[in-house]
Amino acid sequence: MEALVREGAAVAAGARRRDRLEALAERLGDTVHVSEVDVTDQEAARSFVEQAASEMDGVDILINNAGVMLLGPVTGADIEHWQRMINVNLLGLLYCTHAALPIMGAGGGGHIINVSSVAGRNATLGSAVYNMTKWGVTGFSEALRQEALHANIRVTCVEPGFVDTELQGHNEIPVVVETMDKMRDQIGDLLEASDIADALVYTLSRPPHVAINEVLVRPTKQQR
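Under the working numbering, residues 50 to 273 are what the sequence shown spells out, in order.
Keep in mind that the hints were calculated from the coordinates and are not lab data. Note that the structure is predicted; figures quoted are calculated from it, not measured. Every residue, glycine too, gets a C-beta built ideally from N, C-alpha and C. You may find that some hints are simply not true.
For each label pair, taking beta carbons as the anchor points, the in silico distance ranges come out as [unchecked claim]:
#, residue 1, residue 2, range
1, Ile222, Glu56, 36 to 46 Å
2, Val123, Lys231, 35 to 45 Å
3, Ala192, Glu75, 38 to 48 Å
Use the sequences and the hints to build the structure in full.
Quick look at the structure:
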């Protein structure tokens, strides 16, 4: 969001933690509109998108970035963890997209960016359900790209590798936490949120005649 504001965009940000949203708005200025929203609530997600369109006279860009990563074996898994990932990673994305499509269409077009993961391409031990959600995001993005093209709406799927954010902190299973720590040590110089932001700004800055189906953001050879 900060990168978009620096480029002159008016931004509507929705998330569950109001205190962080308000701190962000205070830091970035009055071009940022913030709303406390749970994207897994269909009506709340729709209301957020429609309110943003009303406040900013339309929606040109939608970035679906909400995500949860709760890893572990399928055997003996906490089913609520599965439900949470499916609700956030898939349904939340679908609800916001469904609300934005007609608004963008009425406005002459737009750009939807779905943040997936390399886990949407490569399956690994202990990541089965997370893999399923991210493969779903990747597949949905490709199908939507073909559909929305006729409404002048571009669709991009960004697939980062290991990014140094609080996403990994959602995990509490000891073996998962240990594996994460080992990955950090092996990779070394991790991707940061600013790297993903740069990829988003680059993608959004490309002229309409440039076809961008996917953006893969992976560690360099030195980071692997």
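A quick look at each hint next to the structure:
1. Ile222 / Glu56: 36 to 46 Å: holds, 40 Å
2. Val123 / Lys231: 35 to 45 Å: Violated, at about 22 Å.
3. Ala192 / Glu75: 38 to 48 Å: The hint (38 to 48 Å, Cβ to Cβ) holds, given that Ala192 and Glu75 are roughly 39 Å apart.
This entry does not satisfy hint 2, going by the numbered hints stated previously; all others are met.
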